[in-house]
Amino acid sequence: MSSHAHEHQPLGGRVLTLPFLICAALVAVAGVILFQRYTQGLGAASNLNDGYPWGIWVAIDVVIGSAFGCAGYVIALLCYILNRGEYHPLVRPAVLASLFGYGLAGLAVLVDLGRYWNFYHMMLPWYAQPNSVMLEVGLCVATYTLVLVVEFAPAFLERFGIEGLRAKLNKVLWVFIALGVLLPTMHQSSLGTMMVIVGHKLSPLWQSQMLPVFFLLTAILMGFAIVVWESVMASLNFRRPMETPVLSKLAGLMLVVASLFVVLRFVDLIVRGQIGQIFGGPQSGWFVVEMVLMISGLALLIPKANRNRSRALFLSASLLLAAGILYRLNVYLIGFTPAVGPWHYFPSVKEIMVTVGVFALEIALYLLFVKKLPVMHAVHPEHG
Amino acid sequence: MSKNMMSTNKMSKSRTSVSRRGFLRNAVKGSAAAAAAACTTVVAAPPEANALVRPPKPLPPDAVGLLYDSTLCIGCKACVTACKEVNHMPPDVGPAQQGWNAGGGDKPIYDSPVELSAKTLNVIKAYSHGTGATKDAAENGFAFIKRQCLHCADPSCVSVCPVSAMTKDAKTGIVNHDPSACIGCRYCVLSCPFGVPKYDYNDAFGEIKKCQLCKQQLAKNELPGCADVCPTGATLFGRTEDLKAEAKRRTALKVGEYAHFPRGDIAGKVGGQRSGHEKLVEAAYQTHIYGEKELGGTQCLAVSAVPFDKLNLPTNVPENGYPTLSEGIQHTLYAGMIAPATVFAGLAYLAHRNTKNHTDE
Ligand code: SF4
Ligand code: SF4
Ligand code: SF4
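Residue numbers (the working numbering), protein chains in the order written: chain A, 38 to 421; chain B, 4 to 364.
Bound-form chain A, shown alone (with noise of 0.2 Å):
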């Protein structure tokens, strides 16, 4: 009990390193764009039409960046819900990823929005429309940023020693932990209802009434992904060991998560009628790249010794992710098509570089916070 206070430590280093002078400027980038999008319209900034109302800014930032902020709701649901002690070095630099991720999710949604100053009416009850699934999302992912904060406090308290809050606050944790699990799976799988509705919009390949279901189911798997990720690049950057015996376990996890995934997504389409889709529907090419990375992710890891392996690891961590950036990436925009007319949409440079700053951003007070907060699992001399 007496070394606790020690299991987190900052990992300390010069803050103003390359990579963070390098997001900073893109940061800067972004914001000159952002100037424009303010005071000349959304058409000055971005390529958004009618027949593609949401363009890069809800489907990357948003809808992929809050999968990517999916690694503290994973972690906390192995950790306290089931109980299993051994992810316990991952639950800080989770959690912290995913208040970024959850944070600058909030930050793109100000950006997009056409109406920006009345973004309070989704909090007012009002102004509220309960049918609306987009509520429920806002509701939701506020809520949970707010969780991710008070998850994270303990860090802060510690590195500035409010010792005495920081054990109230422990004592009341459990109910916060309870909501950050409770909140991602509400409003992860509605990130896929929220499509249901554009109905013969979206290709057959993947409207359904299962989109819920295949949200969710990849919100875990890149949550797992993002874990297996980050702690492997940490660990190179920083020159920490690799925390391989804990991540072969959720590589385990992983290979289980995916296979369902692609079991459900082909028992869907023949259900449904539409497997035919997949040879030479519209959008057909895009399902198979899809399916591609997903089998070729999973099967790495279907060899034991493989799950030990960083560098397989590593691969499949990043054939999974790109696997679930590309199924929600065909959802949100690939597989749709406007109802009427023809439009077109493909992001524009300035589109593009207000998405890389937003993860810039991200990056850039990630490398902050480790370097100047307990974030990092301690390293004890007697395992290197």
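Calculated from the structure, these hints are not laboratory results. Each hint should be verified, as a subset may be incorrect.
Pulled from the structure, derived: some chain A residues nowhere near chain B, Cβ distances all over 10 Å [to be verified]:
#1 Val-52
#2 Met-223
#3 Ser-227
#4 Pro-278
#5 Gln-314
#6 Gly-317
#7 Gly-322
#8 Val-325
#9 Ile-332
#10 Ala-359
#11 Ile-389
If you anchor each label on the Cβ, the simulated ranges turn out as follows [to be verified]:
#12 B/Lys-251 / A/Gln-73: 49 to 55 Å
#13 A/Gln-73 / B/Ala-338: 43 to 49 Å
#14 A/Ile-312 / B/His-334: 54 to 60 Å
#15 B/Tyr-352 / A/Pro-162: 35 to 41 Å
#16 A/Phe-275 / B/Tyr-352: 33 to 39 Å
#17 B/Met-340 / A/Val-326: 52 to 58 Å
#18 B/Ala-338 / A/Leu-161: 22 to 28 Å
#19 A/Val-386 / B/Met-340: 41 to 47 Å
#20 A/Tyr-153 / B/Met-340: 26 to 32 Å
#21 A/Gln-73 / B/Thr-290: 49 to 55 Å
#22 B/Ser-131 / A/Gly-310: 32 to 38 Å
Backbone N, C-alpha and C define an ideal beta-carbon position, used for all residues, glycine too.
Add chain B with the ligands to chain A, keeping to what the hints say.
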């Protein structure tokens, strides 16, 4: 989802009797089984028995709308101009017209919209094929179509709006938009099956725009602009039920018959009595009345001699609105918040017990 969450909870309560590894395996198997079961019930069940579909919404009995008859339309676009006037909408110049209609500075010479937009609530579009010689013929002919909000019985735009900015009037069924509530998320634009609501992307304070059936005119007992000025009665205003009956009468007419076509308000009340006209039916009507069944039915209907898919209207759509599907899922999972509350209770119990076992947090 709630199903498999709960099954994992249950299993972890009996955890003491099984090994951890066995437990995890069971949990995974359990969630797989639950997910597979969910999949089958969701996708395979017939619509009536499918718990994840809510019943469609009926049309209010006094719903009002428009009947557009493509065979009567002469493409004069008087309705487009009138719509702009009564709704104070600015001129709109399509991208292809910029070259010859830019005027001096940024003032266009005249209105030339080609599609619905934040500046255009109503537009007449033309179909043409081959030589384009014969009116109302699909082959080597041409035809017109009027595009505006159809005022759906079960509108997607109202179902998706998180802040009640899109609402459906309980009595008239008119779908209204309130910009002061709107957050500009454009979910209504994305979800409308007919591609109607539009947003102004070139304005820092852009608004959503769509036809609101000239509710301000109706309040003064005046006709909607488009129905008011239409010289041929191609755009006719009235109770949707009356319009539907009229549409049925027209689609049953035979080529070579003389028939009477009313103008203005079909009941002759709003905007005063108007004389209609007798006209020879020159092209055979399609039996399909657009909007009668599409996506739960719409208050604005259309009849035509040219098939509607040629007029670029979606025809591959189900007879129930998509909100029956999305709200069905939403209501099943979140009815009275019982399922989330139950799951929360389970999670809280486990989190409370398990955090005690950990040394930190
Ligand atoms: S046509 Fe579109 S905008 Fe009009 S009521 Fe129906 S869903 Fe709403
Ligand atoms: S853009 Fe406005 S009206 Fe449309 S769904 Fe969003 S909040 Fe509602
Ligand atoms: S009803 Fe009014 S707003 Fe709608 S198309 Fe006609 S004139 Fe325009």
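Verification of the supplied hints:
Residue-level check passed: A/Val-52 sits 26 Å from the nearest beta carbon of chain B, beyond 10 Å. Here A/Met-223 does not stay apart from chain B, with its beta-carbon only about 6 Å from theirs, under the 10 Å limit. Not every CB of chain B lies more than 10 Å from the CB of A/Ser-227, the least distance being 8 Å, so the non-interface label is violated. Here A/Pro-278 stays apart from chain B, with its beta-carbon at least about 20 Å from theirs, past the 10 Å limit.
The beta carbon of A/Gln-314 is kept farther than 10 Å from every beta carbon of chain B, the shortest such distance being approximately 14 Å. Non-interface call for A/Gly-317 relative to chain B: holds, since the shortest CB-CB distance, roughly 18 Å, exceeds 10 Å. At roughly 22 Å from the closest C-beta of chain B, the C-beta of A/Gly-322 stays outside 10 Å, upholding its exclusion from the interface. Every CB of chain B lies more than 10 Å from the CB of A/Val-325, the least distance being 22 Å, so the non-interface label holds.
Distance to chain B confirms A/Ile-332 as a non-interface residue, since its nearest Cβ pair spans about 17 Å, more than 10 Å. In this structure A/Ala-359 is separated from chain B by more than 10 Å, as the shortest Cβ-Cβ distance comes to about 23 Å. The beta carbon of A/Ile-389 is kept farther than 10 Å from every beta carbon of chain B, the shortest such distance being approximately 17 Å. Distance hint for B/Lys-251 and A/Gln-73: a CB-CB separation of about 54 Å, consistent with the stated range 49 to 55 Å.
For A/Gln-73 and B/Ala-338, the Cβ-Cβ distance of about 45 Å falls inside the hinted range of 43 to 49 Å, so the restraint holds. Distance hint check for A/Ile-312 and B/His-334: the Cβ-Cβ separation is about 30 Å, which falls outside the suggested range of 54 to 60 Å. Between B/Tyr-352 and A/Pro-162 the Cβ separation comes to about 29 Å, which falls outside the hinted range of 35 to 41 Å. Roughly 37 Å separates the CB atoms of A/Phe-275 and B/Tyr-352, a value that falls within the hinted 33 to 39 Å.
Remark: the range hint 52 to 58 Å for B/Met-340 to A/Val-326 is contradicted by a beta-carbon distance near 39 Å. With their beta carbons about 23 Å apart, B/Ala-338 and A/Leu-161 fall inside the hinted range of 22 to 28 Å. Range check, A/Val-386 to B/Met-340: about 44 Å between beta-carbon atoms, so the 41 to 47 Å window is met. At about 29 Å, the CB distance of A/Tyr-153 to B/Met-340 agrees with the hint of 26 to 32 Å.
In this structure the supplied range 49 to 55 Å holds for A/Gln-73 paired with B/Thr-290, their Cβ-Cβ distance being about 52 Å. Checked against the given bound of 32 to 38 Å, the beta carbons of B/Ser-131 and A/Gly-310, roughly 36 Å apart, stay inside it.
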